[in-house]
Amino acid sequence: MLVTDVGEFRVRNRSHAELRLNLGTCVRHVEGAADEIRAALWPGAEPLPVWNPPARKLAAVKVVAAAVEGTVTAGGQIAPSVLAMFERLRDSGRQVVLVTGRSAGWGAALARYLPGVSGVVAENGAVLIPAGAGETAPVILDEAILDGSAPTAAALEECLAAVLEKYPDARPGSDNYCRVSDRTVQAGDGIDPEGVRRIADGYGLTCTSGTAHHHLSRSSLDKKTGLLLALARYLSPGTDAATQVVTVGDAANDAVLFEPGAFAAAFGVRCAVPPSTAPGTQAPQYMALADGGTGFGEIAALLLQARD
Amino acid sequence: MALDSPHHEVFVSFASRDRLVADRVAEHLRRGGVRVWRFVDDPGSGSWHLNELRALRDSKVAVFIVTPHSDASPVCLDEAQRAAAPARAGTVPVPLVVGAWDHEASDLWLLLSKWNGVIASPDLTDEALRRLTSIVQDRLGFRSVSSLSTGQALVAVKDDVCAYLAAHPEATADEILGKTRELQVQHRGKMVGFAQFTFLDRELLAAGLISPPQRRIGYITSYLRAFFDQVVAGAYTGTATRLAGHIMPGDTVVVSEYSRVLRQAFKNIAETDHRLMQSLRIIVISRTGMLLVGDEPSRMADELARMGASTRRVHFSDWADYLMTGTDTAGIGRVDKILFGVEAFSVAGDVVFPQIVKELAALQACRAGDSGWNAEIIAAGESYKVCRDPREVTRMISDPHTRSSPVRSSTCW
Chain H
1 MLVTDVGEFR
11 VRNRSHAELR
21 LNLGTCVRHV
31 EGAADEIRAA
41 LWPGAEPLPV
51 WNPPARKLAA
61 VKVVAAAVEG
71 TVTAGGQIAP
81 SVLAMFERLR
91 DSGRQVVLVT
101 GRSAGWGAAL
111 ARYLPGVSGV
121 VAENGAVLIP
131 AGAGETAPVI
141 LDEAILDGSA
151 PTAAALEECL
161 AAVLEKYPDA
171 RPGSDNYCRV
181 SDRTVQAGDG
191 IDPEGVRRIA
201 DGYGLTCTSG
211 TAHHHLSRSS
221 LDKKTGLLLA
231 LARYLSPGTD
241 AATQVVTVGD
251 AANDAVLFEP
261 GAFAAAFGVR
271 CAVPPSTAPG
281 TQAPQYMALA
291 DGGTGFGEIA
301 ALLLQARD
Chain Z
1 MALDSPHHEV
11 FVSFASRDRL
21 VADRVAEHLR
31 RGGVRVWRFV
41 DDPGSGSWHL
51 NELRALRDSK
61 VAVFIVTPHS
71 DASPVCLDEA
81 QRAAAPARAG
91 TVPVPLVVGA
101 WDHEASDLWL
111 LLSKWNGVIA
121 SPDLTDEALR
131 RLTSIVQDRL
141 GFRSVSSLST
151 GQALVAVKDD
161 VCAYLAAHPE
171 ATADEILGKT
181 RELQVQHRGK
191 MVGFAQFTFL
201 DRELLAAGLI
211 SPPQRRIGYI
221 TSYLRAFFDQ
231 VVAGAYTGTA
241 TRLAGHIMPG
251 DTVVVSEYSR
261 VLRQAFKNIA
271 ETDHRLMQSL
281 RIIVISRTGM
291 LLVGDEPSRM
301 ADELARMGAS
311 TRRVHFSDWA
321 DYLMTGTDTA
331 GIGRVDKILF
341 GVEAFSVAGD
351 VVFPQIVKEL
361 AALQACRAGD
371 SGWNAEIIAA
381 GESYKVCRDP
391 REVTRMISDP
401 HTRSSPVRSS
411 TCW
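Same order as they appear, the protein sequences are chains H and Z. As numbered in this note's numbering, residues 1 to 308 make up the first sequence, in order. As numbered in this note's numbering, residues 1 to 413 make up the second sequence, in order.
No lab work stands behind these hints: they were computed from the structure. Being a predicted model, the structure only gives us computed values, none of them experimental. Each residue gets a CB set at the ideal place from its N, CA and C atoms; glycine is no exception. Hints may be right or wrong, so weigh each one.
To give an idea of the chain Z side of the interface with chain H (calculated C-beta under 10 angstroms), a few residues [as the list claims (entries may be wrong)]:
#1 ARG202
#2 ARG215
#3 VAL231
Far from chain Z by the CB rule (all over 12 angstroms, computed), these chain H residues [as the list claims (entries may be wrong)]:
#4 LEU114
#5 LYS166
#6 CYS178
#7 THR225
#8 GLN244
#9 LEU304
Please take these sequences and the hints and turn them into a complete structure.
Here's what the structure looks like:
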């Protein structure tokens with residue numbers, strides 16, 4: 001028998017030739033103590049390392065909502081190990097939902113071909129493409145577009161034209177042809193984000209600017225509100241986002257997914273922009289130690305372990 | 001040869017062709033305040049070899065200068081065999097390998113490698129002499145860490161790591177881990193990795209998220225201090241409390257490897273149930289090795305007797321005979337509990353010391369061969385002593401006497 005401060009351990013079945021103890025409880029006890037020490041001492045405003053969420057919190061998670069570019073990808077591709085994690089999460093009873101600013105067309109492809117994914121919220125929260133939906137049209141999440149109270153599609157095209165006229169060097173986004181609720185303009189040095197926003201305001205449109213694109217949208221939803229609507233109405237009705245949904249992102253345009261209290265936990269992969277480099281930007285609560293898909297893998301592994 | 005002083009502490013074993021090396025070693029030890037048995041050309045009265053063996057017997061530490069010459073010397077080999085014998089209680093061997101040669105193939109190394117020592121290759125430098133002196137001083141109790149428990153030794157390493165971090169605010173994770181390894185060898189020899197006990201490796205990985213480096217170092221320092229305050233400092237009392245609960249009135253208890261936990265468990269019993277303590281018959285196994293120096297077994301027995309128990313010392317050889325052959329020349333009699341304080345475990349329950357591993361194997365054999373053997377084997381250790389990486393423990397339980405695959409203790413629980 002082994003006696004420790006956290007309990008006694010003894011082999012029950014002595015008939016086996018090789019009798020082993022399982023002292024994993026001791027390791028978990030000390031790990032937990034280290035996590036508590038870290039949470040108390042970690043420098044303020046810095047995301048805690050990925051191991052810090054309590055296991056009981058992770059065990060309650062039903063939905064993993066992840067951004068795409070830079071979060072589940074590495075070098076522009078999704079690695080087989082990440083796809084395997086999607087499947088393992090699904091097999092553990094959880095849903096994987098991708099949340100992206102990419103077009104509905106890209107979202108449809110992701111939803112159709114990626115294993116383990118329940119659905120894709122695309123165009124920064126405006127549309128949902130459920131997995132298994134075949135070639136049906138995407139679901140418009142923003143009721144204002146459906147009931148006609150949102151700016152019209154014609155206004156969107158006029159706004160895009162106005163931006164291109166104002167900034168002659170600007171180029172329209174290459175995937176505008178498969179967008180439903182928005183249009184994009186490629187970001188560039190000669191394009192002032194504030195100037196683009198003012199033009200969009202003039203047409204009643206919303207404007208969000210990222211490192212790659214300026215989005216002109218008929219929808220007032222964002223990644224967070226679109227995700228919550230998609231879950232509540234279509235993918236996982238009854239799920240309590242504050243306790244059963246975790247989010248994973250990598251950049252400032254994912255900051256709405258990191259909003260404190262909105263989700264059970266908000267994770268960033270290693271390159272997630274810390275507040276010190278993006279003033280005013282909400283940082284995730286917890287940070288993976290690796291970039292991109294590898295960092296996502298760390299988070300997924302923790303979730304799977306918590307379930308075990 | 002003749003004795004320089006009847007109160008010498010250290011014996012130096014060497015081949016005659018290594019005399020100059022031995023002179024340097026002895027001189028360095030003396031400068032460090034150590035009383036060394038002086039070897040002189042005139043053997044004086046009686047057999048010089050007998051005098052030498054008496055000096056070896058009466059020394060607390062024996063430094064063995066391991067060279068191709070001493071490896072070929074029957075006298076040196078005889079002295080090493082005597083010092084390394086499991087039944088020997090008085091002298092702790094400290095090997096000093098000198099020169100660039102295949103010492104691992106030597107018989108002397110085979111006998112002595114499990115004790116902490118110094119490898120001075122290719123030459124015997126001042127740094128090697130300094131390390132040797134430090135080890136000898138530790139063994140003699142010159143420094144407070146010499147006979148520390150694992151937890152106390154960890155505290156000493158922690159304090160030095162924190163001082164290092166304060167002086168090196170730009171240190172990288174690899175440099176910090178390297179420093180901890182160096183410090184733990186300095187304080188305690190080849191103990192299980194400091195990072196395994198403290199999760200420091202994991203924390204350094206996490207601290208990579210913090211910038212700039214000065215903030216990172218500040219965090220690591222505060223983490224280490226908090227870890228010791230909250231995890232290490234009190235864990236042994238919790239273990240001791242649980243252990244005390246397994247001791248029953250009238251038990252005959254064999255203490256095979258004393259530790260702070262075992263001491264605290266008996267103190268708990270003595271303070272809360274003196275009648276239980278008085279009913280115990282405690283047999284302390286007398287041996288040296290790793291942390292046990294000189295007369296520690298007798299001090300343990302005395303301490304337990306002062307607490308109220310009936311105690312006695314039994315030499316390890318008698319205990320081994322009792323276990324392996326059933327011969328009870330020492331009058332051990334019925335045994336109810338066998339207690340070990342253990343330095344570290346793997347997640348699967350392997351323990352680190354070859355001596356204990358062998359003992360556990362013998363106990364298991366007893367169980368297999370004799371259904372009448374009912375003694376309960378209890379190993380005690382704090383939860384932080386369970387290593388996440390099984391290679392740490394495997395490395396420690398490799399038996400230098402067999403020079404083969406690691407001995408496993410897993411069938412003994």
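Hint-by-hint comparison with the structure:
1. ARG202: This interface hint holds because 7 angstroms falls under the 10 angstroms limit.
2. ARG215: 6 angstroms, holds
3. VAL231: VAL231 (chain Z) check passes; min Cβ-Cβ to chain H is 5 angstroms, inside 10 angstroms.
4. LEU114: At about 29 angstroms from chain Z, LEU114 (chain H) clears the 12 angstroms cut-off, so the statement holds.
5. LYS166: The claim stands: LYS166 (chain H) keeps its Cβ more than 12 angstroms from every Cβ of chain Z (closest is about 39 angstroms).
6. CYS178: The claim holds: CYS178 (chain H) sits with its nearest Cβ about 38 angstroms from chain Z, beyond 12 angstroms.
7. THR225: Nearest chain Z Cβ is 29 angstroms from THR225 (chain H), so the label holds.
8. GLN244: The claim stands: GLN244 (chain H) keeps its Cβ more than 12 angstroms from every Cβ of chain Z (closest is about 26 angstroms).
9. LEU304: It holds; LEU304 (chain H) is separated from chain Z by about 18 angstroms at its closest Cβ, greater than 12 angstroms.
Consistency note: the structure conflicts with none of the earlier hints.
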